[in-house]
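Colleague: Given the structure of chain F, go ahead and fit chain U onto it with the hints provided.
Protein chains: 2
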Amino acid sequence: MYRSHTCGEINLTNKDQEVQLSGWVQKIRNKGFMVWVDLRDRYGITQLIFDEERSSKGLMEKAGKLGREFVIQVTGEVIERESKNPNIPTGEIEILVSQLNILNTSLTPPFTIEEETDGGEDLRMKYRYLDIRRNPVKNKLMFRHKVGMHVRNYLSQAGFIEVETPYLIKSTPEGARDFVVPSRMNEGQFYALPQSPQTFKQLLMVGGMDKYFQIVKCFRDEDLRADRQPEFTQIDCEMAFVEQEDILNIFEGLTRHLLKEIKGVDISDFPRMTYAEAMAKYGNDKPDIRFGMEFANLNKLAKDKGFNVFDQQELVVGIAVPGAASYTRKEIDKLIDWVKRPQVGANGLVWVKYNEDGSLKSSVDKFYSSEDLLGWAKETGAKAGDLILVMAGDTTKTRTQLSALRMHLGNELGLRNPEEFAPLWVLDFPLLEWDEETQRYHAMHHPFTSPKKEDIALLETNPGEVRANAYDLVLNGNEIGGGSIRIHDKKTQSRMFDYLGFTEEEAKEQFGFLMDAFQYGAPPHGGIAFGFDRLVAILGGQETIRDFIAFPKNNAGRDVMIDAPAKLDEEQLKELHLKLRL
Amino acid sequence: MYRSHTCGEINLTNKDQEVQLSGWVQKIRNKGFMVWVDLRDRYGITQLIFDEERSSKGLMEKAGKLGREFVIQVTGEVIERESKNPNIPTGEIEILVSQLNILNTSLTPPFTIEEETDGGEDLRMKYRYLDIRRNPVKNKLMFRHKVGMHVRNYLSQAGFIEVETPYLIKSTPEGARDFVVPSRMNEGQFYALPQSPQTFKQLLMVGGMDKYFQIVKCFRDEDLRADRQPEFTQIDCEMAFVEQEDILNIFEGLTRHLLKEIKGVDISDFPRMTYAEAMAKYGNDKPDIRFGMEFANLNKLAKDKGFNVFDQQELVVGIAVPGAASYTRKEIDKLIDWVKRPQVGANGLVWVKYNEDGSLKSSVDKFYSSEDLLGWAKETGAKAGDLILVMAGDTTKTRTQLSALRMHLGNELGLRNPEEFAPLWVLDFPLLEWDEETQRYHAMHHPFTSPKKEDIALLETNPGEVRANAYDLVLNGNEIGGGSIRIHDKKTQSRMFDYLGFTEEEAKEQFGFLMDAFQYGAPPHGGIAFGFDRLVAILGGQETIRDFIAFPKNNAGRDVMIDAPAKLDEEQLKELHLKLRL
Chain F
2 MYRSHTCGEI
12 NLTNKDQEVQ
22 LSGWVQKIRN
32 KGFMVWVDLR
42 DRYGITQLIF
52 DEERSSKGLM
62 EKAGKLGREF
72 VIQVTGEVIE
82 RESKNPNIPT
92 GEIEILVSQL
102 NILNTSLTPP
112 FTIEEETDGG
122 EDLRMKYRYL
132 DIRRNPVKNK
142 LMFRHKVGMH
152 VRNYLSQAGF
162 IEVETPYLIK
172 STPEGARDFV
182 VPSRMNEGQF
192 YALPQSPQTF
202 KQLLMVGGMD
212 KYFQIVKCFR
222 DEDLRADRQP
232 EFTQIDCEMA
242 FVEQEDILNI
252 FEGLTRHLLK
262 EIKGVDISDF
272 PRMTYAEAMA
282 KYGNDKPDIR
292 FGMEFANLNK
302 LAKDKGFNVF
312 DQQELVVGIA
322 VPGAASYTRK
332 EIDKLIDWVK
342 RPQVGANGLV
352 WVKYNEDGSL
362 KSSVDKFYSS
372 EDLLGWAKET
382 GAKAGDLILV
392 MAGDTTKTRT
402 QLSALRMHLG
412 NELGLRNPEE
422 FAPLWVLDFP
432 LLEWDEETQR
442 YHAMHHPFTS
452 PKKEDIALLE
462 TNPGEVRANA
472 YDLVLNGNEI
482 GGGSIRIHDK
492 KTQSRMFDYL
502 GFTEEEAKEQ
512 FGFLMDAFQY
522 GAPPHGGIAF
532 GFDRLVAILG
542 GQETIRDFIA
552 FPKNNAGRDV
562 MIDAPAKLDE
572 EQLKELHLKL
582 RL
Chain U
2 MYRSHTCGEI
12 NLTNKDQEVQ
22 LSGWVQKIRN
32 KGFMVWVDLR
42 DRYGITQLIF
52 DEERSSKGLM
62 EKAGKLGREF
72 VIQVTGEVIE
82 RESKNPNIPT
92 GEIEILVSQL
102 NILNTSLTPP
112 FTIEEETDGG
122 EDLRMKYRYL
132 DIRRNPVKNK
142 LMFRHKVGMH
152 VRNYLSQAGF
162 IEVETPYLIK
172 STPEGARDFV
182 VPSRMNEGQF
192 YALPQSPQTF
202 KQLLMVGGMD
212 KYFQIVKCFR
222 DEDLRADRQP
232 EFTQIDCEMA
242 FVEQEDILNI
252 FEGLTRHLLK
262 EIKGVDISDF
272 PRMTYAEAMA
282 KYGNDKPDIR
292 FGMEFANLNK
302 LAKDKGFNVF
312 DQQELVVGIA
322 VPGAASYTRK
332 EIDKLIDWVK
342 RPQVGANGLV
352 WVKYNEDGSL
362 KSSVDKFYSS
372 EDLLGWAKET
382 GAKAGDLILV
392 MAGDTTKTRT
402 QLSALRMHLG
412 NELGLRNPEE
422 FAPLWVLDFP
432 LLEWDEETQR
442 YHAMHHPFTS
452 PKKEDIALLE
462 TNPGEVRANA
472 YDLVLNGNEI
482 GGGSIRIHDK
492 KTQSRMFDYL
502 GFTEEEAKEQ
512 FGFLMDAFQY
522 GAPPHGGIAF
532 GFDRLVAILG
542 GQETIRDFIA
552 FPKNNAGRDV
562 MIDAPAKLDE
572 EQLKELHLKL
582 RL
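Heads up: the protein sequence lines correspond to chains F and U, in order. If you use the numbering used here, the first sequence corresponds to residues 2 to 583, in order. If you use the numbering used here, the second sequence corresponds to residues 2 to 583, in order.
Think of the hints as simulated: they come from the structure by calculation, not from any bench. These numbers were taken from a predicted model, which means no experiment stands behind them. Be careful, since some hints might not be right.
Put simply, identical chains are the same to the list, so a pair is met inside one copy or across any two.
[Unchecked claim] Derived DSSO-like pairs: lysine-lysine, alpha-carbon spacing no greater than 30 Å straight-line:
(1) K362 to K341
(2) K580 to K568
(3) K147 to K218
(4) K453 to K147
(5) K335 to K139
(6) K139 to K218
(7) K127 to K509
(8) K398 to K384
(9) K304 to K341
(10) K63 to K367
(11) K218 to K580
(12) K147 to K264
(13) K127 to K491
(14) K509 to K301
(15) K218 to K568
(16) K398 to K282
(17) K139 to K568
The shape of chain F in the complex, shown without the other chains:
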């Protein structure tokens, strides 16, 4: 053992004791006759002191040679500090060192190992092992562990069994691209890495496992958008003999437990909203309901008043920005520029200032009377002092654009408090979604999702209108979980594959095992999967997942620390029966 204590636990109750510590040199103050060293380990920082009067000459010399991030072991006496530091648990004491053992030296690190670092993203990733020494990163990894333990213990106590499903499975062209693994033993054949354990968890339900969960890595070979990783972690869950209501209750319980235990936040019943309502009210299927600015449909009030721009459009829709009537023209122009950026793609914004004195001033005063505008204010819920912003155009696009603006304003106005938590169930997702590119319907959730019984007839006439037994759990504007009640009979499942454009052979080849399984007594079942990286990040009060992952990949899917992926030996390729096509 290299230590009697950690660097985070010694205080005045240890006074006069001899202790042994090991750790990294965080900081050195060398006054010649006296040397102070901040010694750091995972648990905290303890101040060491060497001084001319009480330490040997050899020891003083050795202390003088220490550098940042050297690894040392010291023995010494716990003494009371003269100038105490009330900000850290060890701030009342220091260690008068009697023995110093340099366990390892260090080159000067490429960035400072402090709360705030001077290292840029690239450098931090290349030297991730140094970045992890920094409290913010280390604490996020420890936080992730804590959340994981709470999830496991909660589900385990609720009777769920964690079952490990295989990683070397079969590629199915449906959905995102698979990562594949060539088989050496089965010439010309490939495994695929799972995008999720979906079919296996359903087979476990057919196998009578009843309540399954797994915290598990999943893989998607997608072109990486910001804050996506090719490998990511899910809390994957499935239950048999349940209806949608049962799933919602159980996993609302899990989420409530996490919020309570980890954040100390008590939330009773989670609100619920249909997909249609979420789209109409927030233009978004994962609305952040920590703040208002709900959409108001202004079609009736704003059309046919002589303003051509609105008359031609499918949807005129507005929001009331609280307290923003005082925005200058310049500030409003900035918002207009913001929505015109290609990332949002709007044509512009109509604005109405509902001034504190009750007067109204707008960019469309030519076309609308004050009474008209007061009608808009009523519809959007604007009060005196608010700014009304209005967009118009094609329904889907305009909602998306106004939603982007709403979120932008939420951030700007500080309405998205990371320590406030507003969960929300979004229900009744569409079963299918039209894909312009391939000119056919895709499963919105996945092809195993069951349609609502009352909508099945619509499959023949209006497939886009069919609602699914599918639900998302949204937290602070992020989808943290999503699931569905599954199809559990062969007939419906093969009909679904048919709708999705699978030939009978394709369906059989790719999912024959599942449809076979459905013939041997498959129970009704359903489940949910949480994005663990995202859940942890949001509970940690952040929106980017990267720092909650020990060794993340960059946007090109590379691990810049180990420099992967990399070339293979020709010998290895041969064994795998492969040639490069370059």
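Modeller: What follows is chain U alone, placed relative to chain F:
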């Protein structure tokens, strides 16, 4: 919710209650006027009853149409059984069904879903989802979950942090073969799946994480021996600022906890043995010490007595088989045949019967006097009534052969009680092992293992003699864990790569990131990894891991249920910049 209770919990305290159950039809006894159904779910079996007098005609008809493995939902009244079954918790009651809802039908399953099944291995694997419905398989998966939860909670409470390390890493030709993953975004380059998170856990130590663990899938593309899987699970652990003794204590604690909590077995200090001692005493680095038959070196006693066969050999070694003096000639010949099989490869066996009456009879009476043989008896610890078996030859081979015989006899004589647990630390493994094929030394553990300080000088003169700070935890004749104190400085690590035949460029290309990390203040560290599949199997009283894995692969690395691996679309291959070489 499809049920008010599970099939495992209803008893006489529920008498007269109306309950709702869902599950599978396990068994039907139809007497025409009365139908009994055993309804099964994950939690147990409850007997249902339909009878002419109390049930409607429609209900009787419906019950008559039920088949094995149909999924049903019933509502009914809990009544007291006339003939009780004391073997199951629900054996005092039955449910008088008032409503029957067939949730799904079932084809006749291809094998019986009972404790013992008539299905062969292949059939069971193809229909694994049906196999899992069987109690023995289902219970093993639930047992695995239980062990996993104990491991996680124990380590978490001991301050360990579970950190997820990446699955898409870099291929290193050292060790077993990697499974690789072609990168679409990085043309001509490949990721590798980890054989273990070894380098990442070491980097976490460099990163100050101090105590790390992870229950994690690992991958090895090996030609599969019986009971090996291409993907397997490890409990992977690493600690900083520790010496070997610290690791042994902590993980002895974990193992003791598991034995106590899961098996109710109390074991105080685990015995320890050096590798050299284990090889000399048991011919095996993972001896089963639940039984004796320790090896006795008979070189002094058996050589130079005129028996040529022994005189020429490097080692003459014997064991005493308890109570086996009564073996017939036929039984002994069977043992001789057994050791001559190519799997063992011995030339033969010399035997000595130490009869109950004290007389001695051997296959080498021509060469050895009774006094000589009494000497052998003393050396092997044989008592009157025992049988002494002796082998001779090259030291390493002969030990391995006699060890195989010892284990065989242990099984035959019922000395390997699966409910008895005998853990053992084996210490001081050799650092290097000579490989005949490549004519060079390989790392016995892995290239990151540190040599014992006192043996470093031997690296120059006698590398095969250098001992490592490496240790295995053995349980009942199986290695369940192994680890080492690692090298933590760049100089030693690059010297080690040098010894192992790496050029400087190779070492830099493959492990440059690790040696770089060692330059920035790497702490002393070490760890251990447990084979989780094996550990669970042994705790479960079994030696084969397959049934403790939900969806195992066969010996050709195939998943016969989903039929993987499989061919890829030409389109997919193109995207991955690959051609088949067939």
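Colleague: Decide, hint by hint, whether the structure agrees.
Modeller: Against the structure, the hints:
no.	hint	result
1	K362 to K341	within (22 Å within a copy, 102 Å between copies)
2	K580 to K568	both (12 Å within a copy, 16 Å between copies)
3	K147 to K218	both (18 Å within a copy, 21 Å between copies)
4	K453 to K147	neither (38 Å within a copy, 37 Å between copies)
5	K335 to K139	neither (39 Å within a copy, 62 Å between copies)
6	K139 to K218	both (21 Å within a copy, 24 Å between copies)
7	K127 to K509	between (46 Å within a copy, 15 Å between copies)
8	K398 to K384	within (27 Å within a copy, 91 Å between copies)
9	K304 to K341	within (23 Å within a copy, 97 Å between copies)
10	K63 to K367	neither (82 Å within a copy, 75 Å between copies)
11	K218 to K580	both (29 Å within a copy, 28 Å between copies)
12	K147 to K264	both (12 Å within a copy, 28 Å between copies)
13	K127 to K491	between (50 Å within a copy, 18 Å between copies)
14	K509 to K301	neither (51 Å within a copy, 71 Å between copies)
15	K218 to K568	both (24 Å within a copy, 24 Å between copies)
16	K398 to K282	within (14 Å within a copy, 78 Å between copies)
17	K139 to K568	neither (32 Å within a copy, 43 Å between copies)
Comparing the model with each numbered hint stated earlier shows that hints 4, 5, 10, 14, 17 do not hold.
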